[in-house]
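S.K.: Could you slot chain B onto chain A? The hints should help.
Top to bottom, those sequences are chains A and B.
Residue numbering for the first sequence follows the numbering used here, beginning at 1 and increasing consecutively.
Residue numbering for the second sequence follows the numbering used here, beginning at 1001 and increasing consecutively.
DMTMM-like, lysine to aspartate or glutamate: derived pairs with alpha carbons at most 25 Å apart:
#  : chain 1 : residue 1 : chain 2 : residue 2
1  : B       : K1054     : A       : D140
2  : A       : K165      : B       : D1045
3  : B       : K1018     : A       : E166
4  : B       : K1018     : A       : D140
5  : A       : K264      : A       : E310
6  : B       : K1063     : A       : E286
7  : B       : K1018     : A       : E143
8  : B       : K1054     : A       : D59
9  : B       : K1040     : A       : E151
10 : A       : K96       : A       : E166
11 : B       : K1018     : A       : D142
12 : B       : K1018     : A       : E123
13 : B       : K1054     : A       : D142
14 : B       : K1040     : A       : D140
15 : B       : K1040     : A       : D66
16 : A       : K165      : B       : E1037
17 : B       : K1054     : A       : E143
18 : B       : K1066     : A       : D66
19 : B       : K1063     : B       : E1037
20 : B       : K1063     : A       : D133
Derived CB-CB ranges, DEER-like:
#  : chain 1 : residue 1 : chain 2 : residue 2 : range
21 : B       : C1036     : A       : R117      : 35 to 43 Å
22 : B       : E1037     : A       : S331      : 38 to 46 Å
23 : A       : R119      : B       : E1037     : 35 to 43 Å
24 : A       : S167      : B       : C1036     : 25 to 33 Å
25 : B       : E1037     : A       : K264      : 49 to 57 Å
26 : A       : C95       : B       : C1036     : 39 to 47 Å
With the Cβ distance kept under 7 Å, some of the chain A side facing chain B (calculated, not the full set):
#  : residue
27 : K124
28 : T130
29 : I135
30 : S153
31 : Y154
32 : L155
33 : G157
34 : F161
35 : P163
36 : I164
37 : K165
38 : S168
To be clear, the hints were calculated from the coordinates, so they are not data collected in a lab.
Heads up, the beta-carbon is just placed ideally off N, CA and C, and yes, glycines get one too.
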Amino acid sequence: MRRINSIYGRIGLFKRISEKSTKQSHTFLASHSFSTHGGYGGDGELQQNNSKVKIFDRDLKRIHRDRAAWLSSRHKNNSFVDAVADNLLDRLEDCKKSFPTALCLGGSIGAVKRLIRGRGGIEKLIMMDTSYDMIKSCRDADEDSLGNSIETSYLVGDEEFLPIKESSVDLIISSLGLHWTNDLPGSMIQCKLALKPDGLFLAAILGGETLKELRIACTLAHMEREGGISPRLSPLAQVRDAGNLLTRAGFSLPGVDVDEYVVKYKSALDLIEHLRAMGETNGLLERNKILNRETALATAAIYDSMFATEDGTIPATFQVIYMTGWREHSSHQQAKRRGSATVSFRDLHKQFGGQSES
Amino acid sequence: MVRLSRVLLKDAGNVIDKTLSEILVCPLSKQPLRFCEKTKSLVSDTIGVSFPMKGGIPCLVPKDGKILEEESEASKKNIK
Chain A
1 MRRINSIYGR
11 IGLFKRISEK
21 STKQSHTFLA
31 SHSFSTHGGY
41 GGDGELQQNN
51 SKVKIFDRDL
61 KRIHRDRAAW
71 LSSRHKNNSF
81 VDAVADNLLD
91 RLEDCKKSFP
101 TALCLGGSIG
111 AVKRLIRGRG
121 GIEKLIMMDT
131 SYDMIKSCRD
141 ADEDSLGNSI
151 ETSYLVGDEE
161 FLPIKESSVD
171 LIISSLGLHW
181 TNDLPGSMIQ
191 CKLALKPDGL
201 FLAAILGGET
211 LKELRIACTL
221 AHMEREGGIS
231 PRLSPLAQVR
241 DAGNLLTRAG
251 FSLPGVDVDE
261 YVVKYKSALD
271 LIEHLRAMGE
281 TNGLLERNKI
291 LNRETALATA
301 AIYDSMFATE
311 DGTIPATFQV
321 IYMTGWREHS
331 SHQQAKRRGS
341 ATVSFRDLHK
351 QFGGQSES
Chain B
1001 MVRLSRVLLK
1011 DAGNVIDKTL
1021 SEILVCPLSK
1031 QPLRFCEKTK
1041 SLVSDTIGVS
1051 FPMKGGIPCL
1061 VPKDGKILEE
1071 ESEASKKNIK
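Bound-form chain A, shown alone:
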């Protein structure tokens, strides 16, 4: 048998072996529906993820998040990230259910952990991130504040390949992390599978209106200086797509809402510093790795002249889309079967006054 050198190719190996052992075929079927293309290894035997679209450079994102871990230890206050995490955790108060086991996926795990404050009845918290440094700084911060009654475990993992057993957690929270995944539907499907029945999935991702001022300033500056544009901002989800994503992943009772935060900075360079500290800098595969000093200064100048407010600060818009979904359970509302209606429209018409014939 040929030696398969790549790890992703090994999944194809696993699938072939599993098809031969018919006794356990029912458990292996679950692994076929994780990603949107019906399998990690593609259709061929040794193909890697060629059939999936790669927009973001995940390895670069790990490095960004490592750097963010070092930078954010210096800047302790990050009000935007805290506001998003707070909003997300508030939704736990609206549920009568308590969630003993919770999984926190990358993004701003530190903020989520800090702001839980006993909401949702969480007893065991599992923190997961792609970057080891981020997890380590989270664990060190935890040891500093000893007044913690939640049992926390730490894990380094990728949201696109979730290493969590099926039906094992009650709650999954992802605050500003999923907009960097290449395969968002696939990640959400895996999250749904990891949830117990009647488990909750809460996510906050950045929406299409985010940093529109920066996008405009960058485009103008590039067109002027370099005569062309290269992608500087990642493609972000639209609100109408969020609902589709939730239903496609198979969540029941989906809910989407949008919030816009305008953060004020002293200058455009402050904005970039803040983005670096959050690990949100450009991670596109198609990015231009060189940034001209002239172009950068022109961007800052255009941003200032076009969008500055009276007191000299510049605003930046962050549009956050909050998504909630539950794993199906018999206690949820279900649509009735076709043909099981007990009242006809004619009766309703008679009941509620039918002066006009429809």
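M.R.: Using the frame of chain A, we list chain B on its own:
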């Protein structure tokens, strides 16, 4: 006191957290993992990959995994 001892154990990398050991599976094949004492790593037998543990924290990113040669041959033979 209990928390302090748990921190020490974690740093030693000898014990994997009980919560995690119940929940973790291989990220690629979703099959259970085996903790290998010798190399202090989590091994996924079905595809023959081992994931390291750094500072007591399991690193289950597919890119971090190492392919194991002899064990993958043995597992293939067993399943056939």
